[in-house]
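Turn these sequences into a full structure, and let the hints steer you where they fit.
If you read the protein sequences in the order shown, they are chains A and B. With positions in the first sequence counted from 1, the corresponding number in the working numbering is that position plus 3. With positions in the second sequence counted from 1, the corresponding number in the working numbering is that position plus 7.
Hints listed in this document are in silico derivations from the structure and should not be mistaken for laboratory results. A portion of the hints provided could be inaccurate.
Derived DSS-like pairs: lysine-lysine, alpha-carbon spacing no greater than 27 Å straight-line [as the list claims (entries may be wrong)]:
| # | chain 1 | residue 1 | chain 2 | residue 2 |
| --- | --- | --- | --- | --- |
| 1 | A | Lys-115 | A | Lys-6 |
| 2 | B | Lys-63 | A | Lys-163 |
| 3 | A | Lys-163 | B | Lys-61 |
| 4 | A | Lys-124 | A | Lys-107 |
| 5 | A | Lys-196 | A | Lys-124 |
| 6 | B | Lys-141 | A | Lys-196 |
Computed from a predicted model, the values in this text were never measured in an experiment.
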Amino acid sequence: MKKDADVRYTTIQNWSHNVYNLVTKRAVVHEGGRMSWIDANLGSKVTMKYPSVYLIGERAHGEVLSVAFAGDAQHQDAGAKMVHAAPNTTSLITSKGISKGTGKQSYRGLVKIYAGAHGSKSTVRCDALMLDETAQSSTYPYMEIDEEDVTIGHEASVSKVGEEQLFYLMSRGLSEADATAMIVNGFIEPIVKTLPMDYAIEMNRLIQLQMVGAIG
Amino acid sequence: MSSLVVRDLHVTVEGKPILNGIDLTVESGSVHAMMGPNGSGKSTLSLTIMGHPKYKVERGEIRYDGQDLLAMPVDARARAGVFLAFQYPSAIPGVSVANFLRTAINARRAVPGATAGTAQEARKNDMPIPQFRKLLAEKMKLLDVDDSFITRSVNDGFSGGEKKRLEMLQMHMFRPTLAVLDETDSGLDIDALKTVAHGIEALRSPEVGILLITHYERILRYVHPDRVHVLVEGRIVRTGGPELAAELEAKGYDFVREELYAGRA
Numbered sequence: 004m005k006k007d008a009d010v011r012y013t014t015i016q017n018w019s020h021n022v023y024n025l026v027t028k029r030a031v032v033h034e035g036g037r038m039s040w041i042d043a044n045l046g047s048k049v050t051m052k053y054p055s056v057y058l059i060g061e062r063a064h065g066e067v068l069s070v071a072f073a074g075d076a077q078h079q080d081a082g083a084k085m086v087h088a089a090p091n092t093t094s095l096i097t098s099k100g101i102s103k104g105t106g107k108q109s110y111r112g113l114v115k116i117y118a119g120a121h122g123s124k125s126t127v128r129c130d131a132l133m134l135d136e137t138a139q140s141s142t143y144p145y146m147e148i149d150e151e152d153v154t155i156g157h158e159a160s161v162s163k164v165g166e167e168q169l170f171y172l173m174s175r176g177l178s179e180a181d182a183t184a185m186i187v188n189g190f191i192e193p194i195v196k197t198l199p200m201d202y203a204i205e206m207n208r209l210i211q212l213q214m215v216g217a218i219g
Numbered sequence: 008m009s010s011l012v013v014r015d016l017h018v019t020v021e022g023k024p025i026l027n028g029i030d031l032t033v034e035s036g037s038v039h040a041m042m043g044p045n046g047s048g049k050s051t052l053s054l055t056i057m058g059h060p061k062y063k064v065e066r067g068e069i070r071y072d073g074q075d076l077l078a079m080p081v082d083a084r085a086r087a088g089v090f091l092a093f094q095y096p097s098a099i100p101g102v103s104v105a106n107f108l109r110t111a112i113n114a115r116r117a118v119p120g121a122t123a124g125t126a127q128e129a130r131k132n133d134m135p136i137p138q139f140r141k142l143l144a145e146k147m148k149l150l151d152v153d154d155s156f157i158t159r160s161v162n163d164g165f166s167g168g169e170k171k172r173l174e175m176l177q178m179h180m181f182r183p184t185l186a187v188l189d190e191t192d193s194g195l196d197i198d199a200l201k202t203v204a205h206g207i208e209a210l211r212s213p214e215v216g217i218l219l220i221t222h223y224e225r226i227l228r229y230v231h232p233d234r235v236h237v238l239v240e241g242r243i244v245r246t247g248g249p250e251l252a253a254e255l256e257a258k259g260y261d262f263v264r265e266e267l268y269a270g271r272a
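What follows is the structure, given as structure tokens:
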């Protein structure tokens, strides 16, 4: 991406469950440019996908918003890679992972800051939501920082859909599947609200479909 | 005319007996107050009526409108017209109050047995959006609820009073035929208490039965029950008219306990 270019690339994949989804996504950003990958992974048997942004010009900015949903027998290994190779570059990684049944979800990310990329800032935030006892979630946040003058933040949370939340929603007339879908859609709302309207509706429907059949 | 009928209800929580034989009938059109000290089993009764999985019914029955409530899942009870105003409502981050209310209203109107596979069919009875907006505006005005409520996440970061207001708003939006209020009055300042009381009084109609569970007599200055029951150690030990609440306020729960023990001696 040339100087001051602004790009957003949105993907929602829902491959059938016999697909290996191994993808490389890479953006190179020059001075003052802004790149954001919005990446949602619901389908496939195994996904390994880490959209990357190489910040090679001053004040370049990179962003990855990642949503992954791992249902029964699926493994979603998704994350991001941010390479800061110029001064005053900034990056933001937000990951929301959901696992259900025997599904496994992991966040795997790399923040690399080269010596000389002074004044750079990076923030990583990853949240995981597990829908039942058998679901798995892991986080592998790698950081390689070779410059003193930088600001790095990392936050992570793991939560489970609680019995009380489910009971509350069901007492309002929602079925167990609809109640769970509502909690999940609330969890990913900070990302979904950045999507274009059609994509957001599609995303909510896909989540709804993941809940049907497997419960009750 | 529908009524809630509880017969010889015994309930345990994690093996510990909490309710030890409750008999209670709440007809539609009437307001019953269930009073009792802490630990008497008041919340257990309300959560058992709604079907919380933690509460195990060992004996007895709960029927509503002729149906066996205990055989029904939680959501089916709600769709049969039962509403519980929670003492501790759950937060649902990322889900707006408006979206939540509309989803819950439409869940009640959905075609029975429809699944997401038949989404189109299930959706045909949905409340049209203009009608929903009109109903919501009307109820928010009635209950003096602030406009900012509708875009906030359900109970997320709400104060105690705001949570109770949202419970009242839901109660009015869903139009239940049996409303159970679990200590909705506790922890409220006088203005919030008056709003809640107003919400309960405004629901009163010949079609609706109300069971108001409370520790304090305070709310009964604003809501006037037809019957008052006193629950102690998992049993209803006294039943009377509104004068019983006044007696309790004057003498405290100890006098009921003393009578209870004297009776046993």
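Here is how each hint holds up against the structure:
no.: 1; hint: A:Lys-115 with A:Lys-6; verdict: holds (22 Å)
no.: 2; hint: B:Lys-63 with A:Lys-163; verdict: holds (24 Å)
no.: 3; hint: A:Lys-163 with B:Lys-61; verdict: holds (18 Å)
no.: 4; hint: A:Lys-124 with A:Lys-107; verdict: violated (30 Å)
no.: 5; hint: A:Lys-196 with A:Lys-124; verdict: holds (24 Å)
no.: 6; hint: B:Lys-141 with A:Lys-196; verdict: holds (25 Å)
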